[in-house]
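Same order as they appear, the protein sequences are chains F and G. Numbering follows the numbering used here, with no gaps: position 50 of the first sequence is 50. One gets the numbering used here by counting positions in the second sequence from 1 and adding 1000 to each.
Quick caveat, the hints were computed from the structure, so don't treat them as lab data. Since we're looking at a predicted model, the values are computed, not measured. All residues carry an ideal CB built from backbone N, CA and C; glycine is no exception. Careful, some of the hints might be misleading.
[To be verified] Derived DEER-like restraints, expressed as beta-carbon distance ranges:
{"hint": "1", "chain 1": "F", "residue 1": "Lys193", "chain 2": "G", "residue 2": "Ala1087", "range": "26 to 32 Å"}
{"hint": "2", "chain 1": "F", "residue 1": "Ala135", "chain 2": "G", "residue 2": "Val1593", "range": "58 to 64 Å"}
{"hint": "3", "chain 1": "F", "residue 1": "Met15", "chain 2": "G", "residue 2": "Lys1006", "range": "56 to 62 Å"}
{"hint": "4", "chain 1": "G", "residue 1": "Trp1394", "chain 2": "F", "residue 2": "Lys40", "range": "52 to 58 Å"}
{"hint": "5", "chain 1": "G", "residue 1": "Asn1013", "chain 2": "F", "residue 2": "Ala190", "range": "34 to 40 Å"}
{"hint": "6", "chain 1": "F", "residue 1": "Lys40", "chain 2": "G", "residue 2": "Arg1563", "range": "55 to 61 Å"}
{"hint": "7", "chain 1": "F", "residue 1": "Asp13", "chain 2": "G", "residue 2": "Arg1563", "range": "32 to 38 Å"}
{"hint": "8", "chain 1": "F", "residue 1": "Asp69", "chain 2": "G", "residue 2": "Asn1310", "range": "48 to 54 Å"}
{"hint": "9", "chain 1": "F", "residue 1": "Glu160", "chain 2": "G", "residue 2": "Glu1241", "range": "27 to 33 Å"}
{"hint": "10", "chain 1": "G", "residue 1": "Asp1440", "chain 2": "F", "residue 2": "Val42", "range": "40 to 46 Å"}
{"hint": "11", "chain 1": "G", "residue 1": "Lys1479", "chain 2": "F", "residue 2": "Lys174", "range": "33 to 39 Å"}
{"hint": "12", "chain 1": "G", "residue 1": "Glu1302", "chain 2": "F", "residue 2": "Val42", "range": "38 to 44 Å"}
{"hint": "13", "chain 1": "F", "residue 1": "Asp69", "chain 2": "G", "residue 2": "Gly1391", "range": "36 to 42 Å"}
{"hint": "14", "chain 1": "G", "residue 1": "Trp1394", "chain 2": "F", "residue 2": "Leu4", "range": "46 to 52 Å"}
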Amino acid sequence: MSDLIKFKIDGKDCMAEAGKYIVDAAADNGIYIPTLCNMKGVQPKGACRICSVRINGRLMTSCTTPVTDGMEIESDSAEIQDLRKSIIELLFVSGNHFCPACEKSGSCELQALAYRYQMMVPRFPYEFPLKRVDASSPRIIKDQNRCIFCKRCIKTIKDEKGRSYFVFRNRGHKLEVVLDETMGKTMDEATAKLAMENCPVGSILVKERGFEIPIGKRKFDKEPIGSDIKL
Amino acid sequence: MENTIKQIVEKYNSNRMRLMDILIDIQESEGYISRDAITTMAAMLDMSQADVEQTISFYHFFSTKPRGKYTVYLNNSPVAYMFGREAIKEAFEKSAGIPFGQVTDDGLIGLFDTACIGMNDQEPAAIINNVVFTRLTPYRVREIVKMMKEGKPMEELRKESFGDGKNNLPSLRSMVSSNIRRKGMILSDDYKYGTVIKEKLPTMSPENVIAEMKHSSIRGRGGAGFPTGLKWEFCRRAKGEKHYVICNADEGEPGTFKDRVILTEKPELVFEGMALAGYAIGGDEGVLYIRYEYRYMKNYLEEVLEKMRNEGLLGENISGIEGFNFDIRIQFGAGAYVCGEESALLESLEGKRGEPRDKPPFPVEKGYLGNPTIINNVETFATAVRIVQNGGEWFTQFGTDDSTGTKILSISGDCMFPGVYEVNWGFNVEDMLDMVGAYDVQAVQVGGPSGTLIGPDEFHRTLGYSDLSTGGSMMIFGKQRNLLKDVVVNFMEFFIDESCGSCSTCRNMTQVMNNKLKKILAGKGVAKDLKDLKEWSKVLNPSRCGLGQTAANPIVSSLKNFRHLYEELLQKDKDFDEGFDLESSVQASCNYVGRVPVFNHH
Ligand SMILES: Cc1cc2nc3c(=O)[nH]c(=O)nc-3n(C[C@H](O)[C@H](O)[C@H](O)COP(=O)(O)O)c2cc1C
Ligand code: SF4
Ligand code: SF4
Ligand code: SF4
Ligand code: FES
Ligand code: FES
């Protein structure tokens, strides 16, 4: 705890170690900034844009921007909160999310954020895109309908050589996150479990497992997402 | 085949960072990148196969399926349509016997669409096996396809004379025309390349060079307009093992082609500018990152580099300055507009998908291979030479206070004389239209799709960083054009295709907005849709890079300046219409179960 610096979030005086990313620095000060693609301890890649804040008039993602001395951060304005809600809605309409039939319901971060932001009906029209479900691996199901392209699986699920099991395919609106066919065949149980855990939504599911924790007793059934960040 | 793949990978020392070159070579030698090639490559590079594939699938010119012995890429920019693209497309399809997006059964001919290839001043144009064919007509297309069917070599397919300027040099032999219609300090012929390196640099310290650049107030010519002197200074000060100079010749913004012309007519000026930048920042390696559409210039540009090495303008202890070493290599892209974004360019240069990086850190601190790097536009480097030659003070006499110097414009569309025009900043649109012979103008797209669409009541505005900022793309649309259908939709689809897909906003919002626009065009729009479009466009603001941040501009700027075009299409008697068509939506399921639905229409 050497180099402590001072900064402000929504006018509130805060302190943190220099060089920390804003999300983490905010959490240290009891302020919750929503995230989806970010994972503590993993190199960030601002993909979901939900953690956006305003600094000096510019929108910046707080999971990728280190806090600096004297920084003034705006996070709780009506504009930014609505932007975050819009992004959640956008993710819902651009995939196919039927929560009641989803194994991840209750421990899904996207769903939890939708509750926290009180999404009722998305303002954007549903796209109902045609997406694939890949069940070729003996361990997992990769369901494209629910993928939000956070890259968490790509960054964290690797073999002993450092090769990723999951990668992107195509680009833009045709983007997919796919499992390497060969590596998917030999994936072990622990890796499969970790992949499912690291996926914030229900896009990676371990096969032949389900409802081990009953609905109603899952992580976000008890408390809204972000409740752990308090002083 | 396996041997060929192995040789190619070894040619690049089995270096994963050179994956782009490896893939380009395989694509060119085999016509596609097969499963076996991927397996071989992945093993040699110690990558997973899917990892190799993720790079392949990012780039438009890579393919895992054969694309034909003759592969036609037909430009689909709006200007191409204005000059008859529909007829050209039809002629290709009819004579080849396949629709676009396919390859003939015998594997002979493949027809594909492609985004603006930088030939807007000579449309309709297509790239066939890396050779650019310009000013196509249906007759020529039939002739070309006939010769393809006869298996004729590429040289025989061309019947046209070579283009103007250097396009007829033996190493270029291209039918592309440079169409230089107005010269200024960059395009003028009164500078002998090498003068600055030979006569000026020995008398100047790197700091002096940066000081002159700063004094000139030059800002980047690639679109974003960052002060160049400052960029070089930041980079010089940044700590790193090595410092790199990268020239951005991706030129992907539809409607711009001036970098093509600069690289054709004045490549020495650009390379000299890179060398002097290397001197200024303390870097000895330069890379020209150039779009694959300009592959036809490969031999020519390499020849120019070789000539400059022989003349001592590149190499070691250049101009007798102890320790001034600098050389340049050429890196081709493979069809991705976003790779013009500087950090995406770096990713591509490192053999990866062109996904922009999060900033900070900026490339001047952590760029190529994690080292301090400057990335500048082709025109910026060319201009730097004239600044160092004559001094920053001299430069400020051109242009305006906040936009010094000249700008090379790429002007195309409905005008008598499309081509490149070098003008002083501060030029106004009215004069520009008179300069190129454009009459009955309905609108001008300034700065390409990511710029703005303006109408006659704004033609008094001037070109400059504080008014109409532009990387140089100017597309002129006459009164006869349907702006929404033919221009705005085309641009939106361009962004949808070219988004890297990384940001939730840019990946999806472009599509959502385009769907709404199409709904309006289909006559299903209501007043609220216009409000929605404007509101929803804001969701793109938090996108990571300029592509997403400006992707709504075609709609936003046409909505602002041509609102009446939208209003004319709205339903007057309705407040609400979600654009849902029950009848067509249930068609597929009705057919499937064999039922005929009865709709109550009253
Ligand atoms: C999507 C996108 C595409 C771009 N394409 C180009 C390009 O083709 N050429 C270019 O010089 N700059 C391009 N830029 C701007 C570059 O990121 C960068 O600002 C520029 O190369 C810096 O050079 P300059 O300061 O000399 O203009 C693009 C930016 C974005 C966001
Ligand atoms: S992934 Fe989350 S949001 Fe999507 S269906 Fe499952 S629970 Fe619902
Ligand atoms: S599968 Fe899950 S973890 Fe992987 S990118 Fe998609 S949403 Fe993220
Ligand atoms: S804004 Fe678009 S192109 Fe840029 S990084 Fe995000 S998704 Fe990719
Ligand atoms: S959490 Fe920061 S961009 Fe996704
Ligand atoms: S009725 Fe099917 S999910 Fe609600």
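The hints, checked one at a time:
1. The hinted range of 26 to 32 Å is not satisfied by lysine 193 of chain F and alanine 1087 of chain G, whose Cβ atoms lie roughly 59 Å apart.
2. A beta carbon spacing of about 27 Å between alanine 135 of chain F and valine 1593 of chain G contradicts the range 58 to 64 Å that was offered as a hint.
3. For methionine 15 of chain F and lysine 1006 of chain G, the hinted distance range of 56 to 62 Å is satisfied, since their beta carbons lie about 57 Å from each other.
4. With their beta carbons about 55 Å apart, tryptophan 1394 of chain G and lysine 40 of chain F fall inside the hinted range of 52 to 58 Å.
5. For asparagine 1013 of chain G and alanine 190 of chain F, the hinted distance range of 34 to 40 Å is satisfied, since their beta carbons lie about 36 Å from each other.
6. Between lysine 40 of chain F and arginine 1563 of chain G the beta carbon distance is about 47 Å. The supplied range of 55 to 61 Å is therefore violated.
7. One distance hint, 32 to 38 Å for the beta-carbon pair aspartate 13 of chain F and arginine 1563 of chain G, is violated here, with the actual separation near 46 Å.
8. Remark: the range hint 48 to 54 Å for aspartate 69 of chain F to asparagine 1310 of chain G is upheld by a beta-carbon distance near 53 Å.
9. For the pair glutamate 160 of chain F and glutamate 1241 of chain G, the supplied restraint of 27 to 33 Å holds, since their beta-carbon distance comes to about 29 Å.
10. Between aspartate 1440 of chain G and valine 42 of chain F, the C-beta spacing of about 58 Å breaks the proposed range 40 to 46 Å.
11. A beta carbon spacing of about 37 Å between lysine 1479 of chain G and lysine 174 of chain F agrees with the range 33 to 39 Å that was offered as a hint.
12. Our hint of 38 to 44 Å for glutamate 1302 of chain G and valine 42 of chain F holds, since their Cβ atoms are close to 42 Å apart.
13. The given range of 36 to 42 Å is respected by aspartate 69 of chain F and glycine 1391 of chain G, whose C-beta atoms sit roughly 39 Å from each other.
14. Checked against the given bound of 46 to 52 Å, the beta carbons of tryptophan 1394 of chain G and leucine 4 of chain F, roughly 50 Å apart, stay inside it.
Checked against the numbered hints above, the structure breaks hints 1, 2, 6, 7 and 10 and satisfies the rest.
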